[in-house]
Amino acid sequence: MSKRAVLEVIALDVEDAVAAQAGGADRLELVTDMAADGLTPSAATVAGIRAAVDIPVRVMVRLADGFAAGDVDRLVGAACAMREAGAEEFVLGFLDADGCVDMGAVERVAGVLEGCRWTFHRAIDRAVDRDALRKQLDGLPGLDTYLTAGAAEGVDEGLPTLIAEAGRRGEPGYEQQLLVGGGLQLEHVPVLRDAGIDGFHIGGAARPRGWGGPVSAGAVAKWRRVLGD
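Numbered as in the UniProt record's numbering, the sequence shown ends at 229 without a single skipped number.
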């Protein structure tokens, strides 16, 4: 068994953030518009959540559905606005039309983060070559986590990939923490923990009433108990 697992919970607003922290979340991923799988929130939401909780918050830098960067100048502006609002950690990830990492966009956004820690999100699950993507990103300042289900279809399909990648931790391109999310269920936890994986990311699983309802402290606490204190 590896070290204490990190539990990250998606938050949309201050109410979510407070409930997630009360339930034992270690970190928040802050987004808006889950109909588009999570976009950059408002600066006011960032500031409000930073004032309401004292656990780390990773703020999404993404302006449209899909994994294309779009207008990179706007992305850079959004990242700067989030920093001015108090964000200190981030989530991003962009692919080009061929399914390869868009290094130009990633490097520009990462550059204005000036070493802040950040996660490359589930764009990796849509990449044509996961290994090549990791090696291209290797050494970028601040990159310390990959949010992944192991497959575009979710954790059920991605388990073999997740276990294989966990076994490569420490190799070039594989130093970052694996944060597993995307169809993650409690029954996946034992096999993932046995593989040494120590990062878990939940969204809908923290919301008994679905995305139309708030995060439940009780639902988060159930995950915290399963993962261990």
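Derived from the structure by calculation, the hints contain no laboratory data. Think of the CB as a built atom: it goes at the ideal place given N, C-alpha and C, for glycine as much as any other residue. Treat the hints loosely; a few may be bogus.
[As the list claims (entries may be wrong)] Cβ-Cβ distance ranges computed for the label pairs, FRET-style: (1) 98 to 55: 34 to 40 Å; (2) 117 to 32: 34 to 40 Å; (3) 136 to 167: 17 to 23 Å; (4) 42 to 129: 33 to 39 Å; (5) 34 to 218: 18 to 24 Å.
For the range 33 to 39 Å, tell me whether the beta carbons of residue 42 and residue 129 fit it or not.
holds (35 Å)
Between residue 34 and residue 218, does the C-beta distance stay in 18 to 24 Å?
holds (21 Å)
Taking the CB of residue 98 and the CB of residue 55, does the distance hold inside 34 to 40 Å?
holds (38 Å)
Falls inside 17 to 23 Å, the C-beta gap from residue 136 to residue 167?
Check passed, 21 Å falls within 17 to 23 Å.
Do the beta carbons of residue 117 and residue 32 sit within 34 to 40 Å of each other?
violated (21 Å)
Consistency with the previously given hints fails for number 2 only.
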